[in-house]
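Trainee: Below are the chains, spelled out letter by letter.
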Amino acid sequence: MKSIDLLGKVIEISHSNLEITSRINSIINIIAKEMECEEVALYTLDKDKRLTCRFTNSKSALCGILHQYRCHIGEGVIGSVAQRRAPQFYSRHDIPPRFGCLFYPELDGMLERYKTFAFLPVSDDSYIYGVLVVSSSTMETLHDNEKIMLAILSREIGGILRSYDLILSSTKRISELVTLTELGKILSSNMESHELLKNIALIVARAMNAAFVSIRIEKEALALENERFTYGTIDPSVEPSITPLEEECVRLKKPLALKDYEERVYGTRTSDFFMYVSPIISKNRILGTLLMGAGTPQHGMATEEDAAYLIDTIARYLSTGLETTLLNIRLRDVLKELGDAQKRLVEQEKFRSLGEMTASIAHEIKNPLVVIGGFTKRLANKVNKHEEEWRYIDIILKEVKRLETILNELLNYVKDVPTATDMCIINECIDEVLYLFAPDAAWEHITFIKEYEENIPPIKCDTQQIKQVFINILMNSFEAMAGKGTITIKTGHTDVHGKLFVTISITDTGGGIDPTIVDNIFNPFFTTKEKGTGLGLAISNKIVMNHNGHIEVHNKVGKGVTFIVYLPAKNTIM
Amino acid sequence: MGVPMKNVKILVVDDEENIRILFKEELEDEGYTVDVAANGEEAIAKVKKNHFDLIVLDIKMPGMDGITALNEIKNMNKNQPVILCSAYGEFKQDFSSWVSDAYVVKSADLQELKQTIKKILHI
Chain B
16 MKSIDLLGKV IEISHSNLEI TSRINSIINI IAKEMECEEV ALYTLDKDKR LTCRFTNSKS
76 ALCGILHQYR CHIGEGVIGS VAQRRAPQFY SRHDIPPRFG CLFYPELDGM LERYKTFAFL
136 PVSDDSYIYG VLVVSSSTME TLHDNEKIML AILSREIGGI LRSYDLILSS TKRISELVTL
196 TELGKILSSN MESHELLKNI ALIVARAMNA AFVSIRIEKE ALALENERFT YGTIDPSVEP
256 SITPLEEECV RLKKPLALKD YEERVYGTRT SDFFMYVSPI ISKNRILGTL LMGAGTPQHG
316 MATEEDAAYL IDTIARYLST GLETTLLNIR LRDVLKELGD AQKRLVEQEK FRSLGEMTAS
376 IAHEIKNPLV VIGGFTKRLA NKVNKHEEEW RYIDIILKEV KRLETILNEL LNYVKDVPTA
436 TDMCIINECI DEVLYLFAPD AAWEHITFIK EYEENIPPIK CDTQQIKQVF INILMNSFEA
496 MAGKGTITIK TGHTDVHGKL FVTISITDTG GGIDPTIVDN IFNPFFTTKE KGTGLGLAIS
556 NKIVMNHNGH IEVHNKVGKG VTFIVYLPAK NTIM
Chain X
14 MGVPMKNVKI LVVDDEENIR ILFKEELEDE GYTVDVAANG EEAIAKVKKN HFDLIVLDIK
74 MPGMDGITAL NEIKNMNKNQ PVILCSAYGE FKQDFSSWVS DAYVVKSADL QELKQTIKKI
134 LHI
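For the protein sequence lines, the chains are B and X, in the order given. Last residue of the first sequence: number 589 in the working numbering, and the count goes up by one each step with no gaps. Last residue of the second sequence: number 136 in the working numbering, and the count goes up by one each step with no gaps.
Derived by calculation from the structure, the hints in this document are not laboratory data. Quick caveat: nothing in here was measured; it's all calculated off a predicted structure. Glycine included, C-beta positions come from ideal geometry on N, C-alpha and C. Hints may contain errors.
Said to hold, decoys possible - Label pairs and their calculated CB-CB ranges:
{"no.": "1", "chain 1": "B", "residue 1": "T420", "chain 2": "X", "residue 2": "M77", "range": "28 to 38 Å"}
{"no.": "2", "chain 1": "X", "residue 1": "K62", "chain 2": "B", "residue 2": "T420", "range": "33 to 43 Å"}
{"no.": "3", "chain 1": "X", "residue 1": "Q124", "chain 2": "B", "residue 2": "P383", "range": "16 to 26 Å"}
{"no.": "4", "chain 1": "X", "residue 1": "M77", "chain 2": "B", "residue 2": "R347", "range": "51 to 61 Å"}
Starting from the given sequences, assemble the full structure and let the hints guide the process.
Mentor: Have a look at this one:
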């Protein structure tokens, strides 16, 4: 075959879409065949900068031996060719005494059959990829055109290796970018913070084909309820190492691999498991750590170096985004709370004006009602109780009474400012309320459990109004339990945003409130009772709010409701 | 209440005629002598002319309201017993209502009013 044909064939192969190893193997075999060389071997540079024989022609006699040895750049003939990036040609007669790593003891007696050796750097203009070794037993010496041909071919192989390298690193970069894009997407989504961190763990684990990925958030940094968000299953053999590894990483403010940690602590590596942790640092403050673990390398699994690189990159990326995102989430929550508060205010305002209107209507109704009721009573006195008319009169009187009750409660609701301010010891106040119920036979089947805190600070309040609050809540509990059950009353005091509050919690066993209506229970005229006016809790809420306090409702469906009344211990109203 | 109390004179002041009739009849049944007035001015005019053992005074009235009337009456005679009787209890907190001897919220059931009258008159 003419050199031009050989070159054409090699170029054709190198530009084909065959897989890289088949392309290189084909070229090596063509060189061996067409240039009458028994041995053609390609040494390539590994990540650790050592040269290894990875490819030989199919008929190679030496491949078994060559594959066993590796050499550094500069070491032996192959190493020096790689270092100088200049070809070297030898015949049997001028082989240097220290031929270096190619001539291992195992090769003794095998090299005599070869007459010429050629060592060619496989490189492009800027980078060395390996060394091509060619030897022939038939050619006494290589002609210049053959040397040139070999130089061209080795450069062609260099081109193949280079483009493969580029493809590899761009694939890596692309997958890195994809991962970062995915992370960016969820960081800017409006996901809830726990969900967000779980998803980050998931994305990282998938990108790295890891057995598990665990994000730990420093409590003081972001005040989340959970501190660990893990995707995948943590291998029990490494589980005890996770926390010490993370803590060491936080201490050093540097990424750390399990093997390095073990070597430092135990002097030896005790686990084969690959685990790597990188700190998430924002403005010199540690937000948390990102940790990945992988067992035995599987297909598609990134190498340890790649994994470490990617974890570091992601941790850095998270550093900038995570704090902002988590703060945004919190801001959103606060905004939502503010929105809710505003909504409540609007509601209150609505009910206030509604209340005022209702009050003026109620005024107008009250007088005629008194007249109707009063004269009906007079009529009743004139009618024999056995006559049918008396039954009608009785109905009128009952209905008038009902209307009067509604009107009175209505007006109570509209009343807004507490007027009397007494010093009230809340435990005594509650006992006085309970004393009201004590003689009532209807309350026979109610058990009261009192858990009073001693020495509660007194509160300044309108005691009558506050008693009304407890009466209303207790009545509500009574009705929720259909007159049978346990009411637990606890008193205490607590600090809310730096202000001292006395708390009174009243818990019933009435099965709780339907969650769909729990938001409505303080709305005036909202009732689930057949006979209720829907004002009891509304009034209670209003009274407590007028005292600068608030009522909390803890609803346990199937169990019962707890109303907690908060009243300021140092009341400002006066 | 069969005890004859014709000698006890009560003035009922209310702008609503039917309330006046109701109160008058109910209190007369109790044995009192009852006179009525439809507003503050009329009440004061009557108080100036006659002696009343007790005045039942509505608050919300056109013209002179009950609170103003109360003050004028008490200025004239601070020992004059007056019961304020309003549709609602909102004036209970009004300082100017405190000079009255009692405050009764109007109700179809006149028991509270009747009992308060007895208490004030020590009957």
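Trainee: Look at each hint and say if it fits the structure.
Mentor: A quick look at each hint next to the structure:
Range check, B:T420 to X:M77: Cβ separation about 32 Å, and the 28 to 38 Å hint holds. About 41 Å separates the C-beta atoms of X:K62 and B:T420, a value consistent with the hinted range of 33 to 43 Å. At about 20 Å, the CB distance of X:Q124 to B:P383 agrees with the hint of 16 to 26 Å. Checked against the hint of 51 to 61 Å, the pair X:M77 and B:R347 passes, with Cβ atoms roughly 60 Å apart.
Comparing the model with each numbered hint stated earlier shows that all of them hold.
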